[in-house]
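Turn these sequences into a full structure, and let the hints guide you.
Listed below, chain by chain, are the residues.
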Amino acid sequence: MIEARKITKRYIDGTNDIIAVNSANITVNKGDFILIIGRSGSGKSTLLSMLGGLTRPSEGSVLLEGADMGTLPDTRLSQIRAETFGFIFQFPGLIPTLTALDNVILPTLFCGNGIDSRKRAVNLLDSFGLADKLASYPSNLSGGEQKRVAIARSLINDPQVILADEPTGDLDVRTEKIIMDYIKDINKMGKTIIMVTHGPEMFIYANRVFNMENGMLSEVTGSYKT
Amino acid sequence: MGFLGADVLVLPKDASANAEMAMLKGNPSTFVFKNPAADAVILTAKPTTLLFNGSITNRIMQIEGVDKAAPQLFIGTLAHQSCCTGELQVIGIDPEKDFTIQPWLETTLGRPMKRGEVVIGAGVTGEVGSSLKFYGKTFTIAGKLDPSGMGMDISAFILLDDAYLMAAESAKNAVIPLDIRNGEISAVLIHVKPGTDKDVVASAVNRTIPGTYIVKDNYLSKKISSQLFATTKILYGIMAAVTLVSFPFMALISSMVANERRRELALLRAMGATKGFIFRLVFIEALTIAAIGGLAGVLMSGLLLYLFEPLIISTLGLPFLWPSIGSMVVNVTIPVLIAIAIGGAAALIPAIKSSNLEPYEAIRRSEL
Numbered sequence: 001m002i003e004a005r006k007i008t009k010r011y012i013d014g015t016n017d018i019i020a021v022n023s024a025n026i027t028v029n030k031g032d033f034i035l036i037i038g039r040s041g042s043g044k045s046t047l048l049s050m051l052g053g054l055t056r057p058s059e060g061s062v063l064l065e066g067a068d069m070g071t072l073p074d075t076r077l078s079q080i081r082a083e084t085f086g087f088i089f090q091f092p093g094l095i096p097t098l099t100a101l102d103n104v105i106l107p108t109l110f111c112g113n114g115i116d117s118r119k120r121a122v123n124l125l126d127s128f129g130l131a132d133k134l135a136s137y138p139s140n141l142s143g144g145e146q147k148r149v150a151i152a153r154s155l156i157n158d159p160q161v162i163l164a165d166e167p168t169g170d171l172d173v174r175t176e177k178i179i180m181d182y183i184k185d186i187n188k189m190g191k192t193i194i195m196v197t198h199g200p201e202m203f204i205y206a207n208r209v210f211n212m213e214n215g216m217l218s219e220v221t222g223s224y225k226t
Numbered sequence: 001m002g003f004l005g006a007d008v009l010v011l012p013k014d015a016s017a018n019a020e021m022a023m024l025k026g027n028p029s030t031f032v033f034k035n036p037a038a039d040a041v042i043l044t045a046k047p048t049t050l051l052f053n054g055s056i057t058n059r060i061m062q063i064e065g066v067d068k069a070a071p072q073l074f075i076g077t078l079a080h081q082s083c084c085t086g087e088l089q090v091i092g093i094d095p096e097k098d099f100t101i102q103p104w105l106e107t108t109l110g111r112p113m114k115r116g117e118v119v120i121g122a123g124v125t126g127e128v129g130s131s132l133k134f135y136g137k138t139f140t141i142a143g144k145l146d147p148s149g150m151g152m153d154i155s156a157f158i159l160l161d162d163a164y165l166m167a168a169e170s171a172k173n174a175v176i177p178l179d180i181r182n183g184e185i186s187a188v189l190i191h192v193k194p195g196t197d198k199d200v201v202a203s204a205v206n207r208t209i210p211g212t213y214i215v216k217d218n219y220l221s222k223k224i225s226s227q228l229f230a231t232t233k234i235l236y237g238i239m240a241a242v243t244l245v246s247f248p249f250m251a252l253i254s255s256m257v258a259n260e261r262r263r264e265l266a267l268l269r270a271m272g273a274t275k276g277f278i279f280r281l282v283f284i285e286a287l288t289i290a291a292i293g294g295l296a297g298v299l300m301s302g303l304l305l306y307l308f309e310p311l312i313i314s315t316l317g318l319p320f321l322w323p324s325i326g327s328m329v330v331n332v333t334i335p336v337l338i339a340i341a342i343g344g345a346a347a348l349i350p351a352i353k354s355s356n357l358e359p360y361e362a363i364r365r366s367e368l
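Taken in sequence, the protein lines are chains F and C.
At position 11 of the first sequence the residue is numbered 11 (our numbering), and the sequence of numbers has no breaks.
At position 79 of the second sequence the residue is numbered 79 (our numbering), and the sequence of numbers has no breaks.
In case anyone wonders, no lab produced these hints; they're calculated from the structure.
Note that beta-carbon positions come from the ideal geometry of N, C-alpha and C, so glycine has one too.
Where hints are given, some of them may not hold.
[What the hints assert, rightly or not] Pair ranges (Cβ atoms, derived):
id: 1; chain 1: C; residue 1: P323; chain 2: F; residue 2: D116; range: 50 to 58 Å
id: 2; chain 1: F; residue 1: D116; chain 2: C; residue 2: V257; range: 50 to 58 Å
id: 3; chain 1: F; residue 1: G143; chain 2: C; residue 2: E260; range: 38 to 46 Å
[As the list claims (entries may be wrong)] Counterexamples of contact, computed for chain F against chain C with all Cβ distances above 10 Å:
id: 4; residue: S23
id: 5; residue: S58
id: 6; residue: E59
id: 7; residue: D74
id: 8; residue: E83
id: 9; residue: D102
id: 10; residue: I115
id: 11; residue: D132
id: 12; residue: V173
id: 13; residue: N187
id: 14; residue: P200
And the structure:
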């Protein structure tokens, strides 16, 4: 459903031309749980942003169901982000002046899929064990709870693909497992997951693993599952 | 701007230095009135007693072009004395010749003023039917005039005959007696015939009755304008300076706010917000803040004006009248619109920058 063809992303840092992603190829199939591992600064987050239509590649193309996202106007690309992708970041990224429920409802502003946003948000928060936190503000939630609200938010528009950028990066081991179990459950529901992370501990959740090193992407084959 | 509808106002010149006036008045000791004090009476009703001889009314009536001539007697009441309710400008009028408050009496009161009655200005405390005491004589309030913004707002009008009686009895009733005799007056208000040149009449009065100080109807507006000119010039200067300073200041604030919210805006972009949505969000937010700020500023100014109204009047020596509802709406709307315009212009660049930010880059940088 997503196909990246020789995508490159260049940045100009002062007088230096930095290549964050160098001619990467990847094909993502529906229902995949893809793990992209690599050190900090290897370019994995940049790759994720290009796959999610947040950043346009300098070269190459990202096709979504055959359509080149790099050539789409901003309004269409924004619509695709709203309807097709759900983002989970390392930080929860909740709006501090909104309650947990309103934070989850927020993305429905940009998506006209006609869902009963409030009912769906309540159900989502309930399924993540936050039924009693609907009216809580982010400052009154723990790190794990905030992360679960963020995951619920990424699912509110019923997207086909969840893009997760180190979603457990700042969590303790126990909370990390809870969050990963939730993400795995989402995958089991038929959602495609593309997740970037530092280390190989998440191998057990993925069906495909890619390694990113100095902007070069390569698929890890063989017995990576320990 | 005339005084009580008069085209020309005739006042005694500095009588202490004017022999002719002394002959007319017959009692030079009462000519303590200085011309600037007359201005003060008209503009701010600083209570003063002004006198000259009433026979000049008839002489003025004989001048060509004079339609009506109304004599008035100005008496300043005493402050903090048991014989007077308070410090006020009492004005004695001749009901047969008066054209100043007489029309109001006919239309509003529906009858002539009676002996022992007083009509008060809008700024004088007292209700119709209650009493006021001047120099030991009690008067019943028959009516209250509409606000004028002039000295008459804090004046009290009585019949000339009552004024003379009050003066006569003040020797036994008042702490400080009045030295006014029957027939003495302080001013003559002239209404000229239609089509008559007021300047010609004023010159004729000056020629015919030496020792008079002539005030034409546009004199007061000119005087107020000249006094306001400097004040308004300073105020306009301050407004221009504040406006100029506010623009870069608001641009800086808008830029800081937009920068502070980079991650939030980037998250909205990730959720599907278009560039246009982000632009409108930042821009409309700036307009709203500017409108609220402008409105709060205008309301605060209005409150300060209301609270310090007496101080403004006494400091500037000018009359003060609140504008009509229509003018107030305009006076509130224009500054708020200016504030919105400045806020909008100042937020334009931050709004464009926010809408064009690279979402993922903004999110990643905010994580650091």
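Non-interface label on F:V173, tested against every C-beta of chain C at 10 Å: Per Cβ check, F:V173 is outside 10 Å of chain C; nearest 21 Å; holds.
Non-interface claim for F:E83, where every Cβ of chain C lies beyond 10 Å: violated, 7 Å
Pairwise beta carbon distance, C:P323 to F:D116, judged against the given window 50 to 58 Å: Holds - the Cβ-Cβ distance for C:P323 and F:D116, about 53 Å, lies within 50 to 58 Å.
F:S58 remote from chain C - nearest C-beta pair above 10 Å: About 12 Å separates F:S58 from the closest Cβ of chain C, which puts it past 10 Å; holds.
Beyond 10 Å from each Cβ of chain C, as asserted for F:D102: holds, 13 Å
Status of the stated non-contact between F:I115 and chain C (beta carbon gap over 10 Å): Answer for F:I115: holds, closest chain C Cβ roughly 14 Å.
No chain C beta carbon within 10 Å of F:D74's: violated, 5 Å
Consistency of beta-carbon spacing, C:V257 to F:D116, with hint 50 to 58 Å: Given range 50 to 58 Å: violated, Cβ gap about 34 Å.
Least C-beta distance between F:E59 and chain C, which was stated to exceed 10 Å: Non-interface label on F:E59 holds, nearest chain C Cβ at 17 Å vs cutoff 10 Å.
Separation of F:S23 from chain C, once the least beta-carbon distance is taken, above 10 Å: Non-interface label on F:S23 holds, nearest chain C Cβ at 19 Å vs cutoff 10 Å.
Status of F:D132, Cβ more than 10 Å from any chain C Cβ: holds, 25 Å
F:N187 and chain C, when compared Cβ to Cβ, separated by more than 10 Å: holds, 20 Å
The structure does not agree with the numbered hints 2, 3, 7, 8 stated previously, though it agrees with the rest.
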